[in-house]
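*Asks:* Here is how the chains run, residue by residue.
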Amino acid sequence: MRIAEWPKKSELERRMAGRDLTSNLSRIYGVYTVGFAIFVMFLAILEQVGVPDTVIGYLFVFFTIAVYAGIGILSRTMMVSEYYVAGRRIPAFFNGMATAADWISAASFIGMAGTLYALGYDGLAFVLGWTGGYVLVAVLIAPYLRKFGAYTVPDFLGARYGGGFARTIGIFILFCASFTYIVAQVTGTGVIASRFLGIPFEVAVFVGLIGILLCSMLGGMRAVTWTQVAQYIVLIIAYLIPVVLLSAQRTGIPVPQLMYGEVLQDITALEMAHAVPGGYLEGARSHTQPFVHYDPLNFFALAACLMIGTASLPHVLMRYFTTPSVREARKSVAWTLLFVFILYFTAPAYAAFAKLEIYSNVLGTDISTLDAAEHLPEWVFVYGKLNLVHVCGVHPATPQELFEACQAAGVGDIIRFADFAIDDDVVVIATPEIAGLPYVIAGLVAAGGLAAALSTADGLLLAIANALSHDIYYRMIDPKASTQRRLIVARALLIVVAILAAIAAGTQPAGILSMVAWAFSIAASGLFPALIMGVWWKRTTSAGAVMGMIAGTGVCLVYLIVSRYFPEYGVETLGMTTIDGPEVVANNVGWFGVRNISAGLFGIPVAFVVTWLVSLVTPAPSKEMQDFVDAIRVPRGETLA
Amino acid sequence: MDGSQPITPETAARHWGLSRRLMLTTLTLWLLGGLGIHVFVEPLNEMVFLGFPLGFFAAAQGSLIIFLILIFWFAHRQNRIDEDCGVAEEE
Chain W
1 MRIAEWPKKS ELERRMAGRD LTSNLSRIYG VYTVGFAIFV MFLAILEQVG
51 VPDTVIGYLF VFFTIAVYAG IGILSRTMMV SEYYVAGRRI PAFFNGMATA
101 ADWISAASFI GMAGTLYALG YDGLAFVLGW TGGYVLVAVL IAPYLRKFGA
151 YTVPDFLGAR YGGGFARTIG IFILFCASFT YIVAQVTGTG VIASRFLGIP
201 FEVAVFVGLI GILLCSMLGG MRAVTWTQVA QYIVLIIAYL IPVVLLSAQR
251 TGIPVPQLMY GEVLQDITAL EMAHAVPGGY LEGARSHTQP FVHYDPLNFF
301 ALAACLMIGT ASLPHVLMRY FTTPSVREAR KSVAWTLLFV FILYFTAPAY
351 AAFAKLEIYS NVLGTDISTL DAAEHLPEWV FVYGKLNLVH VCGVHPATPQ
401 ELFEACQAAG VGDIIRFADF AIDDDVVVIA TPEIAGLPYV IAGLVAAGGL
451 AAALSTADGL LLAIANALSH DIYYRMIDPK ASTQRRLIVA RALLIVVAIL
501 AAIAAGTQPA GILSMVAWAF SIAASGLFPA LIMGVWWKRT TSAGAVMGMI
551 AGTGVCLVYL IVSRYFPEYG VETLGMTTID GPEVVANNVG WFGVRNISAG
601 LFGIPVAFVV TWLVSLVTPA PSKEMQDFVD AIRVPRGETL A
Chain V
642 MDGSQPITPE TAARHWGLSR RLMLTTLTLW LLGGLGIHVF VEPLNEMVFL
692 GFPLGFFAAA QGSLIIFLIL IFWFAHRQNR IDEDCGVAEE E
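In the order they appear, the protein sequences are chains W and V. 1 is the number of the first residue of the first sequence in our numbering; add one for each residue after it. 642 is the number of the first residue of the second sequence in our numbering; add one for each residue after it.
Keep in mind the hints are simulated off the structure, nothing from the lab. Ideal Cβ placement from N, Cα and C applies to all residues, glycine included. Any given hint could be a false lead.
[Stated by the list, open to error] Which chain W residues stay away from chain V? Per the calculated CB distances, all over 10 Å, these:
{"id": "1", "residue": "L124"}
{"id": "2", "residue": "V127"}
{"id": "3", "residue": "Q289"}
{"id": "4", "residue": "P619"}
{"id": "5", "residue": "G637"}
[What the hints assert, rightly or not] So the derived label-pair ranges between C-beta atoms look like this:
{"id": "6", "chain 1": "W", "residue 1": "L500", "chain 2": "V", "residue 2": "F690", "range": "30 to 36 Å"}
{"id": "7", "chain 1": "W", "residue 1": "M79", "chain 2": "V", "residue 2": "M664", "range": "34 to 40 Å"}
{"id": "8", "chain 1": "V", "residue 1": "R662", "chain 2": "W", "residue 2": "F291", "range": "34 to 40 Å"}
[Said to hold, decoys possible] Sample of chain V residues at the chain W side, in silico, Cβ under 7 Å:
{"id": "9", "residue": "W657"}
{"id": "10", "residue": "V682"}
{"id": "11", "residue": "L685"}
{"id": "12", "residue": "G692"}
{"id": "13", "residue": "F693"}
{"id": "14", "residue": "S704"}
{"id": "15", "residue": "F708"}
{"id": "16", "residue": "L709"}
{"id": "17", "residue": "L711"}
{"id": "18", "residue": "I712"}
{"id": "19", "residue": "F713"}
{"id": "20", "residue": "W714"}
{"id": "21", "residue": "D723"}
Hey, can you work out the whole structure from these sequences and the hints?
*Replies:* Below, the structure is given as structure tokens:
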């Protein structure tokens, strides 16, 4: 009896140790958060005593990057399991935070609210798609991959579907999806750095790259995890503060997520009164009315593709390999959703407040004289100077410029809806100025946007470099490589991929945001069926999965490439039709009117059907493979990798 | 390593049956609460909730809250199933 009590005691001790780690971490990040708040207040005081805005901007960017780099250097490691999966010791709560930072990209942080501003209700497909996918991650995939004990997603494909070929296709899909995505992040870093620091874009990309590498190179997953937690704290504070203050100012209650209902009513009232022929909002589409920009098919297809893509993106899935247990992996997905929820729940409020400001204080205001034009809100000119606000065909830096352009264009006494446009990015970054807040808050938003871009870039870079070093180099080229050699190869590849991404970003490829949506469709069509059927249907054979992955990715890529680059070919040969109007041009053709950002709508079902049919006609997987699947399905027991 | 009973095929089958049922329940709720309700956005928009047109609220806030509750509920239930079948990890 006494002997039987021994393991219990050590179990208790282990639990205590786990709790100690969590409470230690809470203390460390608590101190960090307070420290960050003091730093912001200190900069606010500096601003009050007359330190110039540029200096404040520099201090924000360099101080935060220095902190991330410091964490990265402190977390350096020479152990393989620390490098690839942070020693599988990250508690669910903190892994949730790190995954949220991994997830929230520059596009979500800066662009999401702008998309909602432009698309109104229809933009909510993005909000739904980028949150709902986590339910699939928790229910269908993450706990099982954690039990398997993979280092990378292709690792699982290789083990379940008999080796090299499945692994290689997995790597190819991972690379297609992650690389398009990382280019967008490096570009985002460059845009933020150039906008707030006034340094040239190419140099800014280089600076951002160094920041990314400092975080991830020495410590791999371990370093990335702890910097991502730090980055999440910065980005969520930076996202919430401006809109909370704006809400308090405009409605008296600092809860924008609840208060913007009123704002929506005001917007609707303005639309009813003025979005009529001859009114100053003529041509504006209703903010709350559904299916004005996307028809229902495209709305639901987009939401579904983004959800399924979420559950297939390797840089997200690999974060759940770092938890101490299957149970923690599951809880960790739930925490992740809570942390990303905070941002997506707030984004529509940003859009509504910005729209009301523009509809009531910019559009319809008197500009018949220069004197009157000078009463326009100052932010119009602040962002006009940065080429982000367009009025009467110019980017006005001064009221005079605006006045003259509008006179020359014969616009008349007021600015109408058709005369005015803003860049999507402005909605979030201009909110501090719209609310008339001090510059320090604008600097805070820049630091937040940078944290969002850096943390996502880190995660993606690590996903690609790990797949190359672990899956290709170690598993396929040199399985006898020493630990040290493997880690050196991993770091070298990290740098190579980072430089390639920076070069690609330096060329500023167009349409980078739709490329992000493409990445979701590619990952969903290629990986989702193979991953979930491998766990949920024992009969799935290697041939079935491999054919399914090839067919899904193939259909998806063909649909993307044809509709983007060869619309005539699509119409003449593949039976596509035009979507908006009769012009046969890029991004305006498709089957059944489905836009190419939802290409997964074709790729995913094809992959499922092919996997299923081919599995049925090929011999069932071996007894060992069936036992392997059984072992993955129960949490208890050793990992299998 | 673990001193407890090995998992019998019967236990494994029972555990997987329960897990599969929970999966189907969760995904059904997910489909209805995350996508299904938005089919009715137009009639819902006729109603006002906390100052929001209800259809808009459902997509901007409602579904997100449903996802959040659903995922924590699922994690809790699945952990219970693992424990009841005796296949949970010993921490």
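*Asks:* Each of the hints needs a verdict: does it hold here or not?
*Replies:* Hint-by-hint comparison with the structure:
Not every C-beta of chain V lies more than 10 Å from that of W:L124, the closest at about 4 Å, which undercuts listing it as non-interface. With a least beta-carbon separation of about 6 Å from chain V, W:V127 fails to lie farther than 10 Å from that chain, contradicting its non-interface assignment. Look at W:Q289: its CB is around 7 Å from the nearest CB on chain V, not clear of 10 Å, so calling it non-interface is violated. Once the 10 Å rule is applied to beta carbons, W:P619 is consistent with being away from chain V; the minimum gap is 22 Å.
W:G637, annotated as away from the interface, has a beta carbon of chain V within 10 Å; the closest lies near 7 Å. At roughly 49 Å, the beta-carbon separation of W:L500 and V:F690 lies outside the given 30 to 36 Å, and the hint is violated. Between W:M79 and V:M664, the C-beta spacing of about 36 Å keeps the proposed range 34 to 40 Å intact. Checked against the given bound of 34 to 40 Å, the beta carbons of V:R662 and W:F291, roughly 35 Å apart, stay inside it.
Look at V:W657: its Cβ gets to within about 6 Å of chain W, closer than 7 Å, so that hint holds up. Proximity of V:V682 to chain W holds as hinted, the smallest CB-CB distance being about 5 Å (cut-off 7 Å). Nearest Cβ of chain W to the Cβ of V:L685: about 10 Å, over the 7 Å cut. The hint is violated. The beta carbon of V:G692 is positioned within 7 Å of a beta carbon in chain W (closest approach about 3 Å), and the interface hint is therefore held.
A cut of 7 Å between beta carbons decides the hint on V:F693: the least distance to chain W is about 4 Å, and the hint holds. Here the hint on V:S704 is kept, as its CB sits about 6 Å from the closest CB of chain W, short of 7 Å. For the restraint placing V:F708 at the interface with chain W, the shortest Cβ-Cβ distance is roughly 5 Å, inside the 7 Å limit, so the hint holds. Proximity of V:L709 to chain W holds as hinted, the smallest CB-CB distance being about 6 Å (cut-off 7 Å).
Interface hint at V:L711: satisfied, since its Cβ lies 6 Å from the closest Cβ of chain W, which is below the 7 Å cut-off. For V:I712, the shortest C-beta to C-beta distance to chain W is roughly 5 Å, which falls under 7 Å, so the interface hint holds. A cut of 7 Å between beta carbons decides the hint on V:F713: the least distance to chain W is about 5 Å, and the hint holds. A least Cβ separation of about 9 Å between V:W714 and chain W goes past the 7 Å threshold, and the interface hint is therefore violated.
Using the Cβ-Cβ criterion of 7 Å, the hint placing V:D723 at the interface with chain W is satisfied: the shortest such distance is roughly 5 Å.
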